[in-house]
Amino acid sequence: MEDLASVPESDSQADDDTLELIVPADVAPSSEGVPSTEGGNNSSPDKAEKGELSADMDVKGEVVLLDEAEMEAMIDSGRTLPLQPLMEDTVVSLESKRIEMVMRKPPVIRAFQRCNIGFVRTRNEDSSFIFTADTGGEEPLMPFGLYIVADGMGGHFAGHEASKSVSRLVAKQVMQRIYLPFLTDGSSAGPGEPVQEVMLDAIQSANKSIHSPDPEKDSGTTLTAALVFGRRLYIAHVGDSRAYVFENNELHLVTTDHSYVRRLQEAGQLTEEEAASHPHRNMLYMAVGQGGQLDVETFTRPLPKSGKLILCSDGLWGLVTEQMIKDVLSKEDASMPKMADELVDLALKAGGYDNITVIIVDFSLE
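Per numbering that gives the first Met the number 0, residue 0 is the first one in the sequence shown, and the count goes up by one each step.
What the hints contain is simulated information worked out from the structure, not anything from laboratory work. On a predicted model such as this, the values are computed, not experimentally measured, just so you know. Watch out, some of these pointers could steer you wrong.
Computed spacing ranges between beta-carbons, pair by pair [what the hints assert, rightly or not]:
hint, residue 1, residue 2, range
1, Leu179, Ala349, 35 to 43 angstroms
2, Tyr352, Arg262, 17 to 25 angstroms
3, Gln268, Thr131, 18 to 26 angstroms
4, Pro336, His279, 46 to 54 angstroms
5, Gln203, Lys304, 29 to 37 angstroms
Derived EDC-like pairs: lysine to aspartate or glutamate, alpha-carbon spacing no greater than 16 angstroms straight-line [as the list claims (entries may be wrong)]:
hint, residue 1, residue 2
6, Lys304, Glu365
7, Lys307, Glu331
8, Lys304, Asp361
9, Lys307, Asp332
10, Lys325, Glu246
11, Lys307, Glu321
12, Lys216, Glu160
13, Lys207, Glu160
14, Lys325, Glu341
15, Lys330, Glu246
16, Lys207, Glu192
Virtual Cβ for every residue (Gly too), placed ideally from N, Cα, C.
Start from the sequences, fold in the hints, and give me the full structure.
Pasting the structure below:
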């Protein structure tokens with residue numbers, strides 16, 4: 000919209016010390032100093048001194064010529080030309096945008112976990128970690144969440160120590176290299192380092208950290224780490240803990256078990272039903288802490304606008320079928336604590352032979 004503007008000298012009628020003022024065509028005459036496009040001479044030096052515009056100014060179409068004295072008097076008095084009223088469609092458009100901003104729901108991530116010892120084990124060799132960042136204000140940060148499940152290898156030296164150390168070492172490195180720089184810089188562009196490389200480095204470092212050449216102190220653990228950054232999911236995985244994505248009432252397994260029976264299934268030598276009862280179903284061919292360079296499974300994929308992410312140890316998925324997990328997650332009136340408790344209860348009712356860990360992440364990223 001036009002309010003006040005000056006134009007270069009282009010007319011022989013304008014003196015060198017004359018300024019031109021653009022006046023909207025629909026500005027009406029005013030007796031209180033607003034420029035008039037009508038003729039007449041009712042100006043006086045007193046009015047000019049008070050900052051009021053005289054009516055006998057030279058008017059050419061929509062251009063009013065002001066000399067410097069009149070302009071300075073107008074500026075000193077704080078007088079300006081009236082603003083043109085907003086058109087009705089402009090007002091409606093601005094109001095619609097304002098309502099849209101007020102009603103827009105911010106991204107939400109909520110997480111809950113359960114880590115149960117079960118009925119048989121004398122100690123809990125599972126470990127879990129959850130971290131969800133939630134910011135608000137004029138410029139909130141992208142949604143961020145880090146979730147980890149580790150299952151220490153039973154029968155090995157200090158499996159519980161292995162799962163605890165690895166989960167926390169990986170979490171520490173990811174937080175230091177991904178989240179803290181992101182938080183400090185306040186950038187909305189995303190992480191400064193490639194997320195998958197950072198997660199891979201973190202697991203390889205943890206693998207070396209807990210490995211012992213002493214066969215009497217052989218130790219190991221599974222590790223499934225999921226990082227939510229904006230609308231993307233990053234996974235780093237070793238062993239047979241699992242990650243699922245639940246969307247549109249469908250449950251999708253997104254990790255691969257690094258187990259002996261899984262290899263037999265891939266080779267077509269075992270069916271899924273046979274694998275579930277195979278005597279070596281818990282035997283792994285890869286775990287963190289076993290030494291050497293690990294072939295860590297890493298990948299990234301987009302997340303749906305809304306859904307759930309589930310991480311769990313084999314103490315859950317080995318006793319609770321995917322259909323049962325799906326049925327629990329499909330209950331719209333159930334809270335996450337209630338869902339987690341129900342999943343653990345199902346595993347306990349099925350025998351509770353192993354430690355049971357589950358993390359449920361509910362997200363709405365519209």
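Starting from Lys207, check that the Cα of Glu192 is at most 16 angstroms away, please.
-> Given pair Lys207, Glu192 is violated - Cα atoms ~22 angstroms apart, limit 16 angstroms.
Sort out whether Asp332 lies within 16 angstroms of Lys307, counting only the CA atoms.
-> Holds, at about 15 angstroms.
Could you check the hint for me, namely that Gln268 and Thr131 are 18 to 26 angstroms apart, CB to CB?
-> With a Cβ separation near 42 angstroms, Gln268 and Thr131 fall outside 18 to 26 angstroms, so the hint is violated.
With a cut-off of 16 angstroms on the C-alpha distance, tell me whether Lys307 and Glu321 pass.
-> holds (14 angstroms)
Range agreement (Cβ of Lys304 with Cβ of Gln203, hint 29 to 37 angstroms) | holds (34 angstroms)
For the pair supplied as a hint, Lys307 and Glu331, is the alpha-carbon distance within the 16 angstroms limit?
-> The hint holds at about 12 angstroms.
Proposed proximity, Glu160 with Lys216 (alpha carbon, max 16 angstroms) = holds (11 angstroms)
Would you check the hint for Lys330 and Glu246, treating anything up to 16 angstroms between C-alpha atoms as holding?
-> holds (13 angstroms)
Cβ distance range 35 to 43 angstroms for Leu179 and Ala349, holds or violated = Roughly 41 angstroms apart at Cβ, these two residues keep to the hinted range, so it holds.
For the pair supplied as a hint, Lys207 and Glu160, confirm whether the alpha-carbon distance does not exceed 16 angstroms.
-> Roughly 14 angstroms separates the two Cα atoms, so the pair holds.
Pairwise beta carbon distance, Tyr352 to Arg262, judged against the given window 17 to 25 angstroms = holds (23 angstroms)
Has the given pair, Lys304 with Glu365, been kept, meaning a C-alpha gap of at most 16 angstroms?
-> holds (5 angstroms)
Violation of the numbered hints given earlier is confined to hints 3, 4, 16; the remaining hints are satisfied by the structure.
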